[in-house]
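Enquirer: Here are the chains, one letter per residue:
Protein chains: 2
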Amino acid sequence: MPSAKTQPARGMRDFLPVDVRKREYVIGVIKSVYERYGFEPLETPAVENIETLMGKYGEEGNQLIFKILKRGEHEKTGEADLALRYDLTVPLARVVGQYQNELPKFFKRYQIQPVWRADRPARGRFREFYQCDVDVLGSRSMVVEAELIAAASDALVALGFNDFVIRVNHRQVLIGLGDRAGIRHDHIEPALTTIDKLDKIGVEGVEKELSARIGPTSTTKLVDFFRELASLDQAADIASEEASAMKEKALNAAILGRLVEFVGDHEKGSRGVEDLRSIIELSEGTSAARRIRLDPSLARGLSYYTGAIIEINVSDLTGSLGGGGRYDNLVGMFLGKDVPACGFSLGLERIIVVMSEREMFPPELISSPADVMVTIWNEDSIAESIALATELRREGLRVDLYPEADKMGKQFKYASSRGIPFVLILGDDERAHGELAIKNMKSGEQIRLPFELLKTSPQRNVQHADDQTVKSKRNIEALLKWLRNGSKAGEAGDSIKPGA
Amino acid sequence: MPSAKTQPARGMRDFLPVDVRKREYVIGVIKSVYERYGFEPLETPAVENIETLMGKYGEEGNQLIFKILKRGEHEKTGEADLALRYDLTVPLARVVGQYQNELPKFFKRYQIQPVWRADRPARGRFREFYQCDVDVLGSRSMVVEAELIAAASDALVALGFNDFVIRVNHRQVLIGLGDRAGIRHDHIEPALTTIDKLDKIGVEGVEKELSARIGPTSTTKLVDFFRELASLDQAADIASEEASAMKEKALNAAILGRLVEFVGDHEKGSRGVEDLRSIIELSEGTSAARRIRLDPSLARGLSYYTGAIIEINVSDLTGSLGGGGRYDNLVGMFLGKDVPACGFSLGLERIIVVMSEREMFPPELISSPADVMVTIWNEDSIAESIALATELRREGLRVDLYPEADKMGKQFKYASSRGIPFVLILGDDERAHGELAIKNMKSGEQIRLPFELLKTSPQRNVQHADDQTVKSKRNIEALLKWLRNGSKAGEAGDSIKPGA
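Protein chains in written order, with this note's numbering: chain A, 2 to 501; chain B, 2 to 501.
A few of these clues could be false.
Unchecked claim - Below are the DSS-like pairs computed for lysine-lysine, each with C-alpha atoms no more than 25 Å apart in a straight line:
1. 269(A) x 201(A)
2. 338(A) x 411(B)
3. 106(B) x 411(A)
4. 106(A) x 411(B)
5. 411(B) x 6(A)
6. 6(A) x 338(B)
7. 414(A) x 106(B)
8. 411(A) x 443(A)
9. 23(A) x 411(B)
Simulated from the structure, these hints should not be mistaken for laboratory data.
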């Protein structure tokens with residue numbers, strides 16, 4: 002028999018049940034936080050017309066887009082007319098263009114879907130990965146930035162993170178800094194890229210690289226500015242947590258002061274500084290308050306940002322847990338008129354990496370696929386086992402049913418190997434006494450419970466409420482209680498007596 | 002400013018918030034039912050190696066697979082090395098091959114993900130659509146068929162369906178019927194395709210088409226068989242629901258009897274009839290009992306089925322709500338040894354079409370994006386509005402915050418247009434009295450509530466439990482109560498007095 006290749010495609014992953022549960026847990030928490038902020042869900046197709054995506058992500062982006070062959074006759078020509086979604090922002094811009102009359106004036110949407118990039122796969126870098134985006138379209142108010150930051154912060158807190166830093170900067174402030182430092186306009190982009198590495202290569206490293214890139218004259222003033230910021234940070238270094246919150250506040254105020262001085266009356270730069278001041282003030286009452294840190298060295302790669310830029314980091318992860326910013330011009334490419342927009346994207350894979358390493362997942366997530374397993378005593382009692390499973394499922398229990406009339410030992414072993422905490426047995430002796438046996442797979446303890454009235458007759462499907470149903474319900478409840486209380490058999494009610 | 006094309010790609014759809022909520026509702030119900038049966042979630046990549054998919058779906062399938070260009074240098078060659086997932090069964094077979102040592106002996110998985118087919122788009126036929134698959138691998142027991150049928154039935158019942166028919170047949174029975182009718186082996190496939198049209202073209206139509214395809218001699222015996230089945234159906238036609246359940250049971254028994262007679266000692270055929278008998282018996286105690294209907298004319302297209310085949314229909318939908326069956330040979334293509342398997346797939350899009358037409362969605366799904374909207378009185382009070390929103394979100398309310406200090410009338414109008422039932426106002430007068438105003442957007446009713454203690458101070462982020470927090474909590478609770486009780490202001494507690 003031929004055996005085909007079974008690996009997933011390069012850079013892609015299969016998610017077995019435990020992985021899916023982890024992912025769904027994280028997505029569920031993020032969603033519920035975003036819903037609390039009044040964001041609504043949007044979904045777009047995995048596949049876009051190729052011209053929708055090409056040219057939106059720079060030359061490197063164009064190369065990393067997965068392109069899909071035209072169908073039928075055209076497959077031979079090698080022409081591609083479709084492509085896989087590369088991010089969630091360009092599809093959002095397209096959607097706003099397409100449904101402008103149906104969407105509210107302020108469109109607050111979240112979108113949690115996979116994207117595909119033909120990057121070279123590496124540790125933690127995949128060709129299919131999820132983005133969790135949240136965006137507000139239609140307002141230039143800094144309330145939007147404050148809300149986005151608070152929502153992302155709340156989501157991380159709800160997942161159990163407590164040590165992240167929200168770095169905030171502003172594109173126009175960066176341009177102001179560059180102008181005031183006397184850097185030529187065509188040198189600003191490369192200068193920003195170098196400054197962005199400040200936390201990795203330090204002030205001296207930046208100075209060296211900048212000097213080589215844009216010449217020593219314009220370097221000096223800018224580097225002096227960042228050297229002074231670094232000294233502010235060291236001066237404010239205090240230990241206790243309450244004090245640390247005060248420190249962040251004082252430090253942000255000091256940095257704002259230095260920015261005001263340096264940028265002066267540079268029009269765009271000074272407006273950017275005021276935006277930053279607003280964001281900090283508006284965030285005071287939110288969970289982000291203690292965590293926001295002005296960082297004039299933050300640049301972020303994407304060229305479509307026009308205002309505030311944001312990145313969230315934890316110390317044990319290279320790269321960020323998420324990032325975002327304001328992009329007031331992108332939607333215009335689809336709509337023909339500008340729509341102000343600001344968004345934030347949490348990286349699902351990175352969040353999961355850190356949560357796994359720190360063991361932050363609730364243990365019940367990765368435990369058992371079912372609350373109880375019903376065994377099959379012999380070929381003749383299969384229908385009774387199915388009826389019992391049906392009854393318990395109706396009560397909301399997750400019930401596995403062993404599918405074959407194997408030896409009991411084999412069935413027990415299977416339940417154990419799957420981590421299922423209880424098995425139910427309808428043996429000859431039990432059935433003769435109108436009972437069933439429950440075995441706790443951890444303690445080995447086994448008790449009996451009246452079962453007779455649990456039995457399903459054809460009429461049970463018809464709704465009625467006679468004595469039999471009531472008694473049957475009481476038995477089910479005793480059983481459920483016992484299952485839910487685990488091995489504490491004493492609490493399971495009067496009807497339970499210890500058994501074989 | 003250039004304005005790009007904004008439609009989604011041909012045959013693909015954007016899902017705006019109301020659509021997403023409908024889809025998530027259906028998926029959530031299906032998932033929770035499958036979890037109750039002990040099924041576990043699996044996810045596989047959207048993209049597979051092209052050789053994993055090619056040749057698995059017949060020649061027509063090959064043509065409908067979306068193929069992805071090799072990256073980089075190779076893009077010019079027009080060569081495709083990847084392809085979009087075409088169904089969820091082939092990836093499952095690959096996964097079982099890849100992770101055989103990690104998976105349990107009986108692998109019960111559900112998988113709810115999109116698939117892509119380059120079909121010609123039509124009403125209700127899309128190029129991207131979701132499948133909701135549930136499969137059991139590792140057992141030949143008919144318990145598996147009974148469990149799958151019960152799970153699909155429970156899922157549909159949980160969604161509010163009560164009028165579906167579960168048609169069941171068996172591939173080996175079909176082969177037995179063909180053999181015993183004297184049909185040549187190479188004529189059996191086309192004969193089955195014709196018989197599958199029985200409910201559309203009737204016995205006479207089938208007779209005519211069969212006669213043309215396989216000749217009149219072998220047609221007669223087979224057509225007589227189906228003519229007799231049709232007369233059984235008419236004879237059993239009784240009205241009331243209870244009687245109708247009896248009718249199904251009697252009818253299934255009669256059909257089984259006729260199959261036993263017709264198939265006789267045909268080895269595969271008679272074993273298939275016994276499988277069908279088991280499935281019906283084992284389903285007695287499940288929600289599927291009244292709904293199962295043996296239908297010897299059911300053939301289903303996919304060639305990989307080897308045993309039972311199943312299809313679920315409602316009268317107001319051409320095509321099925323879902324279908325499935327046993328396929329004991331497919332996994333072997335990846336594993337090198339056969340693994341018995343049986344599965345069922347619900348069609349999400351069709352379920353949604355019928356539910357929408359029948360208005361089966363809970364009304365709250367398509368109502369408001371938020372429980373309450375906080376307004377912004379003026380530029381100076383923005384931070385207080387944000388703090389109020391933060392406090393309410395902490396209590397689990399879904400709170401929208403109007404982002405700009407527009408005129409109140411404009412903010413109210415926005416809330417109304419979005420269907421948000423309440424707005425909160427922190428006006429000058431309210432704040433001077435330490436209060437806030439709540440407006441019911443439907444009735445226009447407006448009341449006031451003490452707000453002073455709601456105000457957030459920096460210490461609120463630190464956990465403590467002094468008097469102030471307690472009082473603040475009490476106010477929040479009164480507010481929440483009022484919001485949750487709608488316009489019944491009297492129930493909102495002592496602290497609320499009617500306002501402006």
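Enquirer: Determine for every hint whether it applies to the structure shown.
Expert: Against the structure, the hints come out as follows:
1. Distance check on the hinted pair: residue 269(A) and residue 201(A) sit about 28 Å apart at the alpha-carbon level, beyond 25 Å; violated.
2. With a C-alpha separation of about 23 Å, the suggested pairing of residue 338(A) with residue 411(B) holds against the 25 Å cut-off.
3. About 11 Å separates the Cα atoms of residue 106(B) and residue 411(A), which keeps this hinted pair within 25 Å; it holds.
4. Taking the CA atoms of residue 106(A) and residue 411(B), the gap is near 11 Å; set against the 25 Å cutoff, the hint holds.
5. The straight-line distance between the Cα atoms of residue 411(B) and residue 6(A) is roughly 61 Å, outside the 25 Å bound, and the hint therefore fails.
6. At roughly 14 Å between alpha-carbon atoms, residue 6(A) and residue 338(B) fall within 25 Å of each other, so this suggested pair holds.
7. For the suggested pair residue 414(A) and residue 106(B), the alpha carbons sit about 11 Å apart, so the restraint of at most 25 Å is met.
8. A distance of roughly 16 Å separates the Cα atoms of residue 411(A) and residue 443(A); the hinted pair therefore holds under the 25 Å criterion.
9. Note on residue 23(A) and residue 411(B): the hinted pairing is violated, with a Cα-Cα distance of about 43 Å set against a maximum of 25 Å.
In the structure shown, a violation is registered for the earlier hints numbered 1, 5, 9, in ascending order.
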